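**Student:** Protein chains in written order, with this note's numbering: chain L, 1 to 590; chain X, 1001 to 1088.
It is possible that part of the hints are untrue.
[What the hints assert, rightly or not] The list that follows gives simulated cross-link-like pairs (lysine to any residue, SDA-like), each with its CA atoms no further than 20 Å apart:
# : chain 1 : residue 1 : chain 2 : residue 2
1 : X       : LYS1021   : L       : PRO447
2 : L       : LYS493    : X       : MET1080
3 : L       : LYS493    : L       : GLY505
4 : X       : LYS1044   : L       : HIS452
5 : L       : LYS89     : L       : ALA26
6 : X       : LYS1021   : L       : ALA26
7 : X       : LYS1044   : L       : PRO447
Calculated from the structure, these hints are not laboratory results.
Quick caveat, the model's predicted, so the values are computed rather than measured.
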Amino acid sequence: MTSSMLHPGLILIIGSFLVPYFQGPARKAYLLFLPLAAGIALASLSYGADLSAELWGYNLQFIRVDKLSTLFGTVFCIMSFLGGLFALKVKDNLQHVAALIYAGSTLGVVLAGDLLTLYIFWELMAVSSTFLILASRTTQAQQAGFRYVLVHIIGGLLLLAGIVLYAQDSGTLEFAYIGLEGAASWLIFLGFAVNAAAIPLHAWLPDAYPMGTPTSTVYLSAFTTKSAVYLMARCFPGTELLIFVGAVMVVVPIIYALLENDIRRVLAYSLLNQTGFMFCGIGIGTALAINGAVAHAFCCVLYMALLFMAAGAVLERTGKSGITDLGGLYKSMPWTCLFCIIGAASIAAFPLFSGFVSKSMVISASSYEKMAVVWLLLQLASAGAVYHAGVKVPYFTFFGKDSGIRPEEPSWNMLLAMGLTAFLCVFIGIFPAWLYKMLPFPVDYVPYTGAHVLEQVQILGFGTLTFILALRYGYYPFEARSLNLDVDWLYRKGGGKAYQALDWGLNGINAQAEKFVLAVTRGLGRGVYHIPTTVLMFFSVNLWLVMGYTGRQLEMKKRRLVHDMRAGTLPIGLGAGIATLFIFIVYMAT
Amino acid sequence: MNRERDKMFQGRNDLNLQGKKRWLLLCFLAGLVILVLAEMAVHKHPAFDWDGTYGFFAGYGFFACLVLLLLARILRPLVMRSEDYYDL
């Protein structure tokens, strides 16, 4: 342990507290300086270095530096800088502070070598990101933020329960490969899966992310899911379940993206789709697949942020994010349009853009393992990128039907942030070696072969053809101001419905039980009164007949007896006589 | 119900194929033809038995997107709700 080691995450977190004390240009400079400082601190950590301490007999490792954590740390530092640049002109200090704490705690998660440190940064990440959603200060954002934090509290509790069990079982808090075996690992897995927005635990993401401010959603898109992907890659590589989840995740979100009207929600579904590729890679678990998954995470952070920046710029300038309200913006926002197309080309894995060099690693890995179904689904999702990333965001927003809106380009800092991100996307696409040498396993993979490039362009080209045909012949599901049901229905409507069902069910049972008890007691009461009367009547009538009463007299006697029984005013002698008689009969009978 | 269905699928048809756009479309289609023809020139490394078939990727790209469109059309009436569906 060297004392000169600075934790890059803590630089951002502690540094963020000073943001409100700066004004004007000094604040802007400070906002850009912090991510740079964190980046330098990260770069100066040497491989194998660790900063550790002892607590209650457990070894805590605050910093673990290896290729995997450095890769994610690097992209998070880059993203923190670009996001800061994009949001530079935002006056709201809450957003800046929350964003820096969020980025810092994500770095803390990525660098953590033990589960306790991980958990603390994990929760900090959830809390700070909630403020980025609340920063919109609308009722909708408040409600979405509330649902968001509830889901993450549940995820965090699952993780905590898993950590406690894990520490019990293994006697240590340090972690590396865990693997899906036993309750502890399942709980940890579920905790990670919530943050990675793994289907079916994904609904918080398309619910909450589009509610952020134009600038805060850029941060949101970058950190939470990717840090969870990092943890999956570290703790659960080769877990078969991840392949299944990933295969669902690459397909289903495309369909939702096709139906969605809000461009930022379309992008949220794109994000889920991309995470699916990473899950498949991690699940396959070969060196190439893991390399592909983490490389894809690296590229995805950048192009997803670029797309959210473009959508944010449009939202900021027009105040609109529904496709029904947008269209033809390229005329007045040509640069934003260009950067958005670069982002879309990257996510669609067009050759020479970043997605191509990383996504193809995952797809190739599935073919090397002879997983035909997975391979077909991944290729299907590759083609579907036309729809989730090409059609809605660049095409209908910037081209399509002219909405008549002529917004200006966003401010210089936003354009610069988008330009730098776009540059990185193209740079990685053209010089993949730069990315490949940072990957955890040695890379022996050539993305640019003739066949490969041609196949990918064919897939995208013919996918686009379907769009043109569908549009021409009215087969395309057109945009409508609407929302689409997703799993969040379960807790947004289903909760209420469950309450109603319980209300109906339990109160129904209650009412029935009450009726039953009433009927039984009433029956008992009647019985208690009727049986003695009947018995008494039987003996009395016989007695009276013997004594010679008939007709009206007998009738009178009977009526008086019933009246006396009801009023409890039976002559004692008669009652005693009857009782004696009764005992006598019983005695005789036995 | 039928009118509602119509609203779900038939909004605006904004593919107006005139003038420049017509040329763009023709160029695009020519590009696709070239892409398929170019397959003769490349050396393929099929991983399975069937993915080396001529035009496999072109056909699969088309088919995959059709499937997605079809699924979206099936799903739309099932999941689509008005924007204030969740409002109290």
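**Student:** All the hints need checking, so say for each whether the structure fits it.
**Tutor:** Evaluation of the provided hints:
Distance hint between LYS1021(X) and PRO447(L) is unfulfilled; the C-alpha atoms sit about 34 Å from each other, more than 20 Å. With a CA separation close to 15 Å, the supplied pair LYS493(L) and MET1080(X) stays within the 20 Å bound. With a CA separation close to 18 Å, the supplied pair LYS493(L) and GLY505(L) stays within the 20 Å bound. Restraint check for LYS1044(X) and HIS452(L): satisfied, since their Cα atoms lie roughly 8 Å apart, inside the 20 Å limit.
Using a Cα cut-off of 20 Å, the hinted pair LYS89(L) and ALA26(L) holds, with the two alpha carbons roughly 12 Å apart. With a C-alpha separation of about 50 Å, the suggested pairing of LYS1021(X) with ALA26(L) is violated against the 20 Å cut-off. Between the alpha carbons of LYS1044(X) and PRO447(L) the distance comes to roughly 13 Å, so the proposed pair stays at or under 20 Å and holds.
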